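J.: Respectively, the protein sequence lines represent chains S and L.
Per my numbering, the first sequence starts with residue 1, numbered consecutively.
Per my numbering, the second sequence starts with residue 1001, numbered consecutively.
FYI, nobody ran anything at the bench for these hints, they're computed from the structure.
Here the structure is a predicted model, which means the values were calculated and not measured.
Idealized CB from N, CA, C, for every residue including glycine.
Fair warning: there could be bad hints in the mix.
Label pairs and their calculated CB-CB ranges [claimed, not checked]: (1) L/E1103 <-> S/R89: 42 to 50 Å; (2) L/T1207 <-> S/E93: 36 to 44 Å; (3) S/R89 <-> L/L1078: 28 to 36 Å; (4) L/A1096 <-> S/D118: 53 to 61 Å; (5) L/E1088 <-> S/R67: 49 to 57 Å; (6) L/G1316 <-> S/L76: 52 to 60 Å; (7) L/E1135 <-> S/A68: 33 to 41 Å; (8) S/D108 <-> L/Q1159: 21 to 29 Å; (9) S/Q41 <-> L/I1093: 53 to 61 Å; (10) L/E1217 <-> S/M25: 47 to 55 Å; (11) S/R89 <-> L/D1228: 29 to 37 Å; (12) S/A68 <-> L/E1197: 28 to 36 Å.
Partner residues are not named here, just some residues of chain L that face chain S (Cβ under 10 Å, in silico) [stated by the list, open to error]: (13) F1068; (14) V1128; (15) G1150; (16) R1160; (17) G1163.
Now for the letters of each chain:
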Amino acid sequence: VTEHPILVVDDDPSILRTVAEILEMEEYAVETAANGAEALQAVDRVHPWLVLLDMRMPVLDGWGFVRALQGRGVTLPIVVMTAARDARRWAEEVGAADYVAKPFELSDLLAAVERVRDGAAG
Amino acid sequence: VVPADHMIPGRAFASQQPVLSVNAMRDDPEHAARYRASNATTILAAPITAAEQRLGVLAIFGERAPIFAEDDLELVALLGAQAAVILESHFLIDEAADVRAREEAARLKDDFLSAAAHDLKTPLTAVVAQAQLLERRARRNPEAPIDVQGVERIVKEAQRLKGLVEELLDVTRAEQGKLVHRREPVDLVPLVREACERHSSTWHTFTPVVEESLTGEYDRQRILQLLDNLLENAVKYSPDGGEVRVALWRENDTAHLTVTDNGIGIPAADLPRLFDRFHRGGNVDDRRFAGLGLGLFICHGIVEQHGGSISATSPGPGRGSTFHVVLPCHAPAVETAPAVVRPISSATSSIPAVGEQAL
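From just these sequences and the hints, can you work out the full model?
T.: Structure representation (structure tokens):
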């Protein structure tokens, strides 16, 4: 689709690794970050076309990350990934394109990514 | 004292009308002996009734007639009505307090269930996603070698789930006084050093300040759990990173452990309830800090069942906190006697007034 990667942000190393491998299997380029601060650096470095974003993270959480992006005038489609009961509301709060509630089915995650990809293409 | 259906105040209650008797023994000869015994010659009684609910009777006794006149009936009826208002407002206040307590308990339970679900979902997410990934790979390419790392990840996350379930069960064990089992000689120094190494990261440095050795009779697994809990909290509640100081020293026959962080601190109002089940600090934003509110409750159980104590101090929000654990080096001789088993309710009430002690 594009040379730019998907940026996956999650403080849980197992989830981060697994989500990255799922996307790589579908031949997406992937970059990972363990918190919002690392994610900001990655955005500057690799210019992702999509961010899969966990919300509750140490150092800089999902809300802080989105605020920082807005502060820099960067707009990026975001898919929120959270185990919180308020997944939908949190996704709305940060103006996300979509969300997947943890624990998600592999197919739901890929479908959310495809929706953003196809929306962006069409 | 006066049955509702008889004696003169009982008549006021039954009839819901004020009653004046200038000669009680004559008006109610059946109970003459009792009136005589209490020197009650004349009686003025009015029902206390609020919103058609009979609350009681206001009765005024006089030793000699005629203290009261017919006019006083109106006065006593008025006093009865006033008493009704006061009693009713007390009932309402009690009821409101009950409702508040129930709402608070329901809210804590709700928060707890939501946090428990969240904590269980995180490893579950890794297990489900990783298992489905392996499945999809195997279907696409049945000849591919087994992804050992992927399988290991599933095992690790499944064990994390098991740990969480154990933590939930520990709550019951803490309440029943069954956390601590086998006590054996344990040197706390290597345990503290290893825990510090285990929890150190790029963001958080743990500095152990320890003696050469400090051996006491402890349940090794529970002490490890205590250390992990306290050090994990120090990391979790220091989101900006920083240094955590872990000091261990001996005083007479007692081990002292302090864990001091520079994190978000503890508001004074939370200190007295810090070790309560489900309690989470007022400055603990649910969005930033996942948790069940069980860690410190279990820590308190572990320490108490070792015959020790745990307390917390904090200079205030944003200024870090210190947890102080005191553990006697030897098990009390009477430990196995049934009399030592504490009732469940003591789990919270026996905590020393941490706030006062601290501030």
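J.: All the hints need checking, so say for each whether the structure fits it.
T.: Hint-by-hint comparison with the structure:
Between L/E1103 and S/R89 the beta carbons are some 22 Å apart, a value that contradicts the proposed interval 42 to 50 Å. A beta carbon spacing of about 39 Å between L/T1207 and S/E93 agrees with the range 36 to 44 Å that was offered as a hint. Against the hinted window of 28 to 36 Å, the Cβ-Cβ separation of S/R89 and L/L1078 comes to about 56 Å, which falls outside the hint. In this structure, L/A1096 and S/D118 meet the distance hint of 53 to 61 Å, their C-beta atoms being roughly 56 Å apart.
Hint check: L/E1088 to S/R67, Cβ distance near 52 Å, so the stated range 49 to 57 Å holds. Between L/G1316 and S/L76 the C-beta distance comes to about 38 Å, which lies outside the given range of 52 to 60 Å. Checking the proposed 33 to 41 Å range against L/E1135 and S/A68 shows it holds: the Cβ atoms sit about 37 Å from each other. Against the hinted window of 21 to 29 Å, the Cβ-Cβ separation of S/D108 and L/Q1159 comes to about 26 Å, which satisfies the hint.
Checked against the given bound of 53 to 61 Å, the beta carbons of S/Q41 and L/I1093, roughly 57 Å apart, stay inside it. A hinted range of 47 to 55 Å holds for the C-beta pair L/E1217 and S/M25, which are about 53 Å apart. Take S/R89 and L/D1228: their Cβ atoms lie about 33 Å apart, and the range 29 to 37 Å holds. Separated by about 33 Å at the C-beta atoms, S/A68 and L/E1197 satisfy the suggested range of 28 to 36 Å.
With 10 Å as the threshold, the beta carbon of L/F1068 stays out of range of chain S, its nearest partner Cβ sitting at about 67 Å, so the hint is violated. At about 5 Å, the closest approach between the beta carbon of L/V1128 and any beta carbon in chain S falls short of 10 Å, and the interface hint on this residue holds. Checking L/G1150 against chain S by beta carbon gives a least distance of about 7 Å; that is within 10 Å, so the hint holds. Hint status for L/R1160: holds, given a least beta-carbon distance of 8 Å to chain S, under 10 Å.
The interface hint given for L/G1163 is broken, as the beta carbon of that residue sits about 14 Å from the closest beta carbon of chain S, more than 10 Å.
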